[in-house]
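With these hints in hand, go ahead and build the complete structure from the sequences.
Listed below are the residues making up each chain.
There are 2 protein chains.
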Amino acid sequence: MTKKAKINASILIIGNEILSGRTQDTNTSTLATWLNSIGVKVEETRTIPDVEKKIVDTVNHFRSSYDYVFTTGGIGPTHDDITAQSISKAFGIEYEIHKKAFKILKDYYKPGEFNEGRQKMAWMPENANLILNPTSGAPGFNVENVFSLPGVPSILKSMLGGLKNSIVGGEPIKSLTISLRTVESEIAKSLNQVQIDNQDVEIGSYPFFQAGKLGVSIVIRSEDKNKIKVCNSQILKFVKEKKIEVVDR
Amino acid sequence: MTKKAKINASILIIGNEILSGRTQDTNTSTLATWLNSIGVKVEETRTIPDVEKKIVDTVNHFRSSYDYVFTTGGIGPTHDDITAQSISKAFGIEYEIHKKAFKILKDYYKPGEFNEGRQKMAWMPENANLILNPTSGAPGFNVENVFSLPGVPSILKSMLGGLKNSIVGGEPIKSLTISLRTVESEIAKSLNQVQIDNQDVEIGSYPFFQAGKLGVSIVIRSEDKNKIKVCNSQILKFVKEKKIEVVDR
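Which chain is which? The protein sequence lines are F and Z, in order. Take 0 as the starting number for the first sequence in numbering that gives the first Met the number 0 and just add one per residue. Take 0 as the starting number for the second sequence in numbering that gives the first Met the number 0 and just add one per residue.
Source of the hints: derived by calculation from the structure; they are not laboratory data. Some clues are possibly wrong.
Just so you know, same-sequence chains aren't split out, so a pair can sit in one copy or run between any two.
Straight-line alpha carbon distances no greater than 20 Å define the calculated DMTMM-like cross-link-like pairs of lysine to aspartate or glutamate that follow [what the hints assert, rightly or not]:
no., residue 1, residue 2
1, Lys53, Asp199
2, Lys53, Glu43
3, Lys212, Glu112
4, Lys99, Glu43
5, Lys99, Glu125
6, Lys239, Glu51
7, Lys102, Glu115
8, Lys188, Glu95
9, Lys105, Glu115
10, Lys212, Glu185
11, Lys105, Glu95
12, Lys173, Asp199
Nothing here was measured: the structure is a model prediction, and the numbers come from that model.
Written out as structure tokens, the structure reads:
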């Protein structure tokens, strides 16, 4: 089977704590890096508050616009965890006790400790597929192309392995980084020409500071490693002509 | 003058490098923390690729939906820096050389070093207000309620001081954090009752791991410190009843 060339995804971060600046989101970077490695390109992310209408509207927009949607946050036991009920609404399906999730949670806790708060984590959209959680018991869930994961970074990370078989990616997106001891304005014109000559390759330019010196990293991204090779040669050609030093990073 | 109670903002992160997972965004947290301190609440953030139509559409949606819009990224000298031209399009105004920005940049560089790439950074939406850059010369710009800042975190940070007079906030949003040696499910029901009794206060619950032990931070946020006080007492009441330890974090 030939893999579809471009599979895309969007990420929806649900949580007031990110919007207040109190918590630094790292889940976007974790998810995007992992998705890239299995050939799924993240096209958009949004962070929104714990507000049902906002979650419902964004999930419905995302699931019709992108191949996959990942949500993070809002699946715990407290009053501000409203992702499962909001996703049920988005799909127009029941929000109910998921028997398998209930059993997993009941077995996870000691007898007598499976209280009302914990039972809330078994409430899900009807017939959701579970995403197993090797860290803390409470599973995530998946309805059609929407995958709901927790907000705690270490728990989210531990659940990605179990997702692999549910996500069909395209060709993995490869990337090559060339780091130069220069400033962007020195190479802007030549780099623009390389981009014009290679329109279907993504070429980015990112200034950096390292050990008190300025530099620029050029990142070439494509599913096709030959196209990356062509851009690499064209870039190294002008770098040599301009006598710019290539550095390790 | 009485300050308007709720002033809101949205943040638009422009950049393929965030979507690929290569770069960890920290500007959201920097901007959100600063905006909170001057009484502006961030309601939404989006990260989108360096694609003109996407930037134009999102800026137009944001500027009509929120009091303030902040964009980060895409204002450098290379081909992938298309924020200024996109914002000109969003407003339907000219994209042209900004005389004052041109002079600032010309004075910043040594004679003969103000090349074509650097001159690109003087191209802006017509009549834009400049946002001065004490770190690296090239100014950001502001059109109506949209403020465009660079993507490099240290440069963005250095420019916020100069923005203060352009942003009129409401009452600063205050917050109080109570950290407890417990798990969310133990307090979920009682905390929900506090939220029901104080609907206009934002109460969040966030699990943490510290020195091998589990805990929960409850964050109470409001413009009104008396309302925070009321919630605090109600929470400490059930915490005492449940014999839960309050911890420092």
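Status of the hints after comparison with the structure:
1. Taking the shortest Cα distances, Lys53 and Asp199 sit within 20 Å of each other only across copies (18 Å), while inside one copy they are farther apart (35 Å).
2. In the homo-oligomer, the alpha carbons of Lys53 and Glu43 lie at most 20 Å apart both inside one protomer (16 Å) and across protomers (10 Å), since each shortest distance falls under that limit.
3. When the C-alpha separation of Lys212 and Glu112 is checked against a cutoff of 20 Å, the pair qualifies only between copies, where the shortest distance is 18 Å, while the shortest distance within a copy is 57 Å.
4. Neither within a single protomer nor between protomers do Lys99 and Glu43 lie at most 20 Å apart by alpha-carbon distance, with minima of 32 Å and 35 Å respectively.
5. When the C-alpha separation of Lys99 and Glu125 is checked against a cutoff of 20 Å, the pair qualifies only within one copy, where the shortest distance is 11 Å, while the shortest distance between copies is 60 Å.
6. For the homomeric pair Lys239 and Glu51, neither the shortest alpha-carbon distance inside one copy (56 Å) nor that between copies (32 Å) is at most 20 Å.
7. Taking the shortest Cα distances, Lys102 and Glu115 sit within 20 Å of each other inside one copy (14 Å), while across copies they are farther apart (66 Å).
8. Taking the shortest alpha-carbon separations for Lys188 and Glu95, only the inter-copy value of 19 Å comes in at or below 20 Å, while the best intra-copy value is 58 Å.
9. Taking the shortest alpha-carbon separations for Lys105 and Glu115, only the intra-copy value of 11 Å comes in at or below 20 Å, while the best inter-copy value is 66 Å.
10. In this homomeric assembly, Lys212 and Glu185 come within 20 Å of each other (Cα to Cα) only inside a single copy, at 15 Å, whereas the closest approach across copies is 52 Å.
11. Proximity of Lys105 to Glu95 under the C-alpha cut-off of 20 Å is restricted to the intra-copy arrangement: shortest distance 16 Å within a copy versus 65 Å between copies.
12. Taking the shortest alpha-carbon separations for Lys173 and Asp199, only the intra-copy value of 13 Å comes in at or below 20 Å, while the best inter-copy value is 48 Å.
Comparing the model with each numbered hint stated earlier shows that hints 4, 6 do not hold.
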